[in-house]
Amino acid sequence: MTTVSVILVNYRGAEDSIAAARYLRQCEWPQDKLEIVVVDNDSGDGSYEKLREELPDCVVVQSGANRGFAGGCNFGVSQSSGDIVAFLNNDARPHPLWVAQAVEVIESDPSIGCVASKVLDWDGEKIDYVDSSLTWYGMGYKREVEREDTGLWDRPKNVLFPTGAAMFVPRGVYEELGGFDERFFMFYEDVDFGWRVNLAGYDVRYVPTSVAYHRHHATMNKFGNFRELYLLERNALACMYKNLGPELLQRAFAPALALLIERSAARAEFPAHEKAVSYNSENGEIWKTAATGPYAISYFMDILPSLVESREQIQANRRKTDEEILPLMRTAIEPANDIPRYLEAHRHLVNFFHIDDFFPSESRVLVVTGDVLGEKMAGPAIRAWEMAKRLAPEHTVTLCSTNTISKAMEGEGFEIHSASSKNRLLALTLWADVIIFQGFLLEQAPWLIESDKILIADIYDPMHLEQLEQTRDLGAYGREKALHDVTCVLNNQIARADYFLCASEKQRQLWLGQLAALGRINSNNLLSDEYVDDMIGVCPFGLDENAPVQTEHAIRGKVPGIGMDDKVIIWGGGIYNWFDPISLIHAVNALKDKHDDVRLYFLGIKHPNPDVPAMRVAKETLDLADELGLKDRYVFFNHDWVPYNERQNYLLDANVGVSTHFEHIETHFSFRTRILDYLWAGLPIVATEGDSFGNVLNEEGIGISVKPYDVEGLTEALETLLYDDDRGRECRENIKTFAKRFEWEQTLAPLLEFCRKPRRAGDIARLPAGEPITQSELTTVSMGIDIRRDSQLVLQYFKEGGVKMVSHKVLSRAKKYLP
Amino acid sequence: MRAMLVAPAKTQLPLLPDGVTVRLVRDDGLTEFDYPSSSGVILLLARPEFVTDINELLQCAYEETSTEKACAFVPSSEESKHVLSTAAAAYAFDAKAVHLAGGLDSRLTPDAMGMDMLFRLAARAVETQTVPSTLIRESPSFLFSSYLTVFSRNLTSTTQLRFLAPLFLGLIDQPLRDSGVDTAALDLQRSPGNDDIPKLSVPAQAFSGAQLVRTWLDDLPMLEDGKVIIAKSRRLPDTVLVGLDDFVEEMWVASSIPHDKQVFLRQAFADISRPREVNTLFVIPSDDHNAVERLETLYRAYGQPAFLYDTSTGKVSYRENPDGEWAEASSRLKEAQQCAAAYLIASHTREVPWLQSSSGVIILDVTTSSLLDDLCHDHSGYGRGDALLGAQATMMNETFGHVDHVIVRDSQQRDFVLGALIAIQRLNQHTYDEDFSLSNLVACENGTRAAIKALSRPCRPFERVNNSEEYERTIFDSAARADRSMTDIIHNIGERVGNTAKGFETRLKGVRR
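Protein chains in written order, with numbering that gives the first Met the number 0: chain P, 0 to 818; chain X, 0 to 512.
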């Protein structure tokens with residue numbers, strides 16, 4: 000069995016070290032396979048004697064001098080014998096599974112050269128380490144430090160470096176790399192080591208199940224702040240010099256020196272001293288903080304002869320290119336300090352030397368929806384929400400709505416903002432590097448068209464096809480105009496966006512055609528390893544990875560007329576003109592004669608977005624149910640809309656999910672999001688064939704598809720799935736497997752991948768300034784006046800924001816009509 | 000004699016001949032340097048105290064610049080040589096060349112102004128050299144900061160970064176060592192204790208290097224402005240600037256870093272200081288047999304390391320020498336994009352997307368192309384103007400609009416190409432003044448000679464770079480004006496009135512004499 004040696008370095012902190020060693024003995028790992036080596040770094044305060052006395056089951060050794068963390072660790076390893084060496088700060092406490100989880104990962108994959116543990120604060124609430132970042136000027140930092148541990152960082156991943164507070168290394172790798180660099184004394188020895196592990200061709204794997212708890216900087220708190228700054232600065236320089244390849248070292252080193260000088264001076268001058276006089280030391284004095292930069296450079300010069308040798312050796316033996324290392328730096332363009340003068344210097348250096356062309360910068364991602372963000376959300380808002388949630392662990396994300404936002408909304412790792420006014424929208428879009436949007440954003444924010452922002456158009460909803468049916472009630476002129484306007488809206492998106500998202504392979508072909516006609520399919524847009532399909536990522540609507548849990552019944556026993564043992568069919572969304580609830584009502588009417596316990600429940604009639612008009616077919620459905628005497632006996636309507644986080648209570652009260660529609664062009668390209676909810680809830684499905692899901696129900700064994708308008712077939716299918724227990728069970732089993740491929744993490748994979756390396760489209764990115772980008776006619780879509788819709792809007796706005804919001808909205812609308 | 004004399008503020012000038020305009024460089028950088036005449040000479044006295052006779056030097060300047068050369072006057076003990084730029088007591092420039100290049104930048108000190116102008120003219124393919132003269136007592140030593148300013152404005156960031164790291168290290172470190180401060184004072188390991196004392200006692204000059212770098216950083220926005228302006232007006236890429244190494248060497252000397260330390264520092268950063276080894280990118284469609292053959296013949300004559308971009312496959316490859324073969328090098332795409340010259344054989348510029356924003360020189364070789372045949376198969380569009388153009392005509396015009404030189408196979412093809420260039424307004428007075436037959440712009444090939452000539456010193460024609468229009472204000476003068484406040488402008492008007500009066504007085508004196 001693998002033996003593990005844990006090295007604890009002590010410097011005048013015997014109590015901490017003793018506690019840490021005792022916590023280690025509580026780890027769930029065979030104690031005879033766990034060697035604890037405590038190195039006393041010449042504390043001179045009786046620590047050594049105390050440690051020997053208190054820790055008889057540990058190897059307690061004296062290093063003979065204060066060799067710093069790096070030297071102490073190396074000495075400890077030389078006194079140890081384990082197959083794997085681990086390092087734990089003496090002011091840290093391991094989780095009982097700290098060792099076992101790390102060892103399991105190392106043993107499972109020989110390419111792993113180091114395990115980086117997850118490190119939390121002492122109370123286990125806030126993050127100390129879950130990922131690493133390195134700036135272009137060599138400053139290593141712990142991403143997400145001080146944030147609440149919300150579980151967003153619980154996926155293993157490769158990182159550039161671990162934290163020396165808690166890490167594991169196979170002994171062979173440690174010896175191959177010569178251990179920590181003792182020239183560092185303390186700070187950044189872990190950054191340097193992790194970087195070298197990577198360069199040597201191994202991975203540094205973050206393992207979130209190997210957890211330690213840390214009291215940060217208990218050692219350095221004993222000394223002046225300038226000590227730490229000095230060590231950090233000088234070691235950052237050494238780290239860069241040793242490990243960056245020639246191209247990046249050339250790009251970064253001289254600007255890094257200039258920035259270091261400014262950083263040191265600015266720290267000393269801000270906020271007490273406004274004048275930049277730190278280095279005009281005519282009065283014979285200088286703040287120690289201001290001297291950290293120049294003195295760090297001087298130390299770098301002292302050790303440069305030996306660093307030259309290290310660099311030659313590391314670069315000669317490297318097995319990973321800087322291209323492979325760069326993504327691990329995460330956000331290299333990061334000033335990491337907010338002193339105004341320093342920030343200016345950072346900005347000027349980055350621009351002057353085009354540093355951002357060579358190093359990755361964190362993408363600030365803005366997800367924009369035109370839908371209402373609130374407890375009651377429809378498809379577009381849900382999709383935008385899930386995108387923001389999945390992007391948040393890797394980027395700074397803001398979700399915004401150009402519609403209304405419920406006051407109580409809180410993001411899951413991202414911020415939420417309202418973009419109800421033009422100024423707010425401008426501010427948000429200026430902030431962002433990458434903007435993911437649906438709907439009419441380019442009409443609301445036309446400045447984006449000529450901007451250099453990276454735009455991702457989420458065209459999962461072919462709105463123009465939808466309009467063919469949706470506008471049937473608008474008359475010939477209104478219908479033509481609506482169709483023309485929406486086509487222009489989509490054409491503008493296609494002419495300008497840098498990347499596209501759609502919901503299915505079939506949609507992709509449609510959009511490729513539209514792209515082709517607008518001149519967007521060209522070789523400039525394709526990288527050498529890409530195909531034309533790569534221009535559009537297929538990101539279907541997804542479902543939550545966590546299975547739904549019913550907290551209360553929402554239909555059975557709740558809706559008068561539906562009993563606990565009734566067979567419930569659920570219609571899981573709104574009623575729009577392209578759906579066919581009429582055939583379904585007729586089918587239920589037929590079925591009720593054989594099975595008196597059949598019940599059909601319509602989940603929501605009133606769309607949460609007041610801009611979405613009530614449609615003709617909804618009224619026809621209500622009328623028909625009434626006319627056949629089914630309403631509130633066999634057919635039930637929720638006249639409102641179900642909150643997003645409560646829909647599982649409804650879904651889990653149903654036996655079958657249903658979706659029926661007419662045979663028309665919209666159906667061919669649609670992706671019924673309500674079907675996803677059925678899959679999530681494990682409901683067997685009955686749906687009309689012709690759309691993405693309707694066509695696979697039979698072959699995947701997850702339900703039954705029926706022909707459009709086929710009332711008899713529909714009745715039969717519903718009866719089978721409601722009353723044939725074996726068939727129902729079989730469907731539920733198949734759904735478990737089938738649904739996996741629609742989990743959000745899977746469906747959004749192309750988007751997540753693109754955002755890791757976002758880029759402007761090759762054809763429009765190089766257009767000279769002032770050249771128009773969009774080739775199609777820019778049309779401002781007129782809202783028109785609709786008394787019924789507008790009165791609903793007023794009511795909605797009043798509920799959301801009172802008189803103030805109503806007046807604001809009225810004014811905004813009025814401005815649209817003014818020249 | 001039509002001349003403008005530029006000298007530091009408070010320079011004691013002798014009585015000057017008629018027609019000499021005097022501009023004294025004010026400390027606040029508010030002097031206007033636009034020379035009202037489109038011909039004549041500009042004599043810039045960086046260090047008038049080293050000049051024995053200004054009037055005589057003016058005469059020399061007039062003679063030296065008569066062939067549009069630019070020169071730096073050095074003591075007679077030195078030899079004449081070509082320079083990119085150098086420190087000198089006085090400089091002479093052709094007034095028209097200075098005007099076309101964007102004018103003198105009044106925001107610079109006289110030292111930097113002279114070196115900067117010489118550098119900029121050299122990058123516009125003007126002959127720049129030192130001229131030994133008995134009128135110069137000695138060569139001045141310029142401050143390192145002047146070199147750094149000129150260096151930062153005139154070179155691309157990639158070239159600057161080849162040299163800056165060791166320079167900055169030495170600059171910051173050397174004064175610390177010279178002043179004998181204990182640089183280990185902050186080190187926990189080497190110098191524990193005194194943590195409660197926030198300040199250190201240090202000699203006055205200990206941080207002069209750090210201060211110099213900080214001042215340079217403060218100037219970066221101004222340097223960036225200048226860099227952008229200069230980049231748009233230069234004709235030669237960094238890689239073909241003759242004398243760059245000598246200029247950098249002079250810069251090292253000005254840094255006061257001891258020689259042995261310089262050697263060590265340069266060695267420590269040797270792998271990032273190497274000049275770009277590949278200056279040329281060839282472009283061909285690999286499915287065009289004739290183009291492939293032409294490339295092979297041409298490459299054998301060229302013989303130096305080069306990249307190849309295949310428009311048929313989008314792949315980049317690399318070849319070391321004629322004995323080697325083209326080897327896949329897609330990972331070096333960025334390097335290929337920064338080559339000083341792109342040589343296109345039978346290709347359109349749009350097939351190489353990055354050329355649209357490239358500052359490199361583009362040479363188009365149509366010796367294997369059948370331009371007319373291609374057009375004969377073109378179909379005109381459904382419209383007037385540009386809409387009428389067929390796909391081939393559109394691409395041809397776009398290509399001819401972007402290239403710097405065209406290599407043709409015979410005089411017939413040359414005539415055709417000239418006609419096409421004329422149609423898209425490529426006739427230019429400055430190009431013509433330099434190349435009366437336009438045989439550099441459109442060169443007839445003889446084997447590989449025309450191609451090799453174009454590749455050996457890639458240079459953009461005048462109409463492809465920014466030039467100040469005659470009688471218009473230069474861009475640097477405009478930039479300096481933009482920096483001025485209203486108070487400055489009022490002050491400046493007053494000064495101009497005063498200068499006019501002085502000039503009037505000078506002319507009167509001339510008449511009296």
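None of these hints come from the bench; they were simulated from the model. Where hints are given, some of them may not hold.
Said to hold, decoys possible - Here are some of the chain X residues that sit facing chain P, going by a computed Cβ distance under 8 Å:
no., residue
1, R1
2, L23
3, S156
4, T158
5, I171
6, L187
7, S200
8, F206
9, L216
10, S358
The C-beta atom is built at its ideal place from N, Cα and C for all residues, glycine as well.
So, going through the hints one by one against the coordinates:
1. Nearest Cβ of chain P to the Cβ of R1 of chain X: about 38 Å, over the 8 Å cut. The hint is violated.
2. For L23 of chain X, the interface hint is violated, the least distance from its beta-carbon to any beta-carbon of chain P being 29 Å, above 8 Å.
3. Taken as an interface hint, S156 of chain X checks out: its beta carbon lies about 4 Å from the nearest beta carbon of chain P, inside 8 Å.
4. Hint status for T158 of chain X: violated, given a least beta-carbon distance of 10 Å to chain P, over 8 Å.
5. About 5 Å separates the beta-carbon of I171 of chain X from the nearest beta-carbon of chain P, less than 8 Å, and the hint is met.
6. A least Cβ separation of about 5 Å between L187 of chain X and chain P falls short of the 8 Å threshold, and the interface hint therefore holds.
7. The criterion of a C-beta within 8 Å of any C-beta in chain P is met by S200 of chain X, whose closest approach is roughly 6 Å, and the hint holds.
8. A hinted interface residue such as F206 of chain X counts as satisfied when its beta carbon comes closer than 8 Å to some beta carbon of chain P; here the least separation is about 4 Å, so the hint holds.
9. A hinted interface residue such as L216 of chain X counts as satisfied when its beta carbon comes closer than 8 Å to some beta carbon of chain P; here the least separation is about 5 Å, so the hint holds.
10. Taking 8 Å as the C-beta contact cut-off toward chain P, the hint placing S358 of chain X at the interface is violated, the least distance being around 13 Å.
Comparing the model with each numbered hint stated earlier shows that hints 1, 2, 4 and 10 do not hold.
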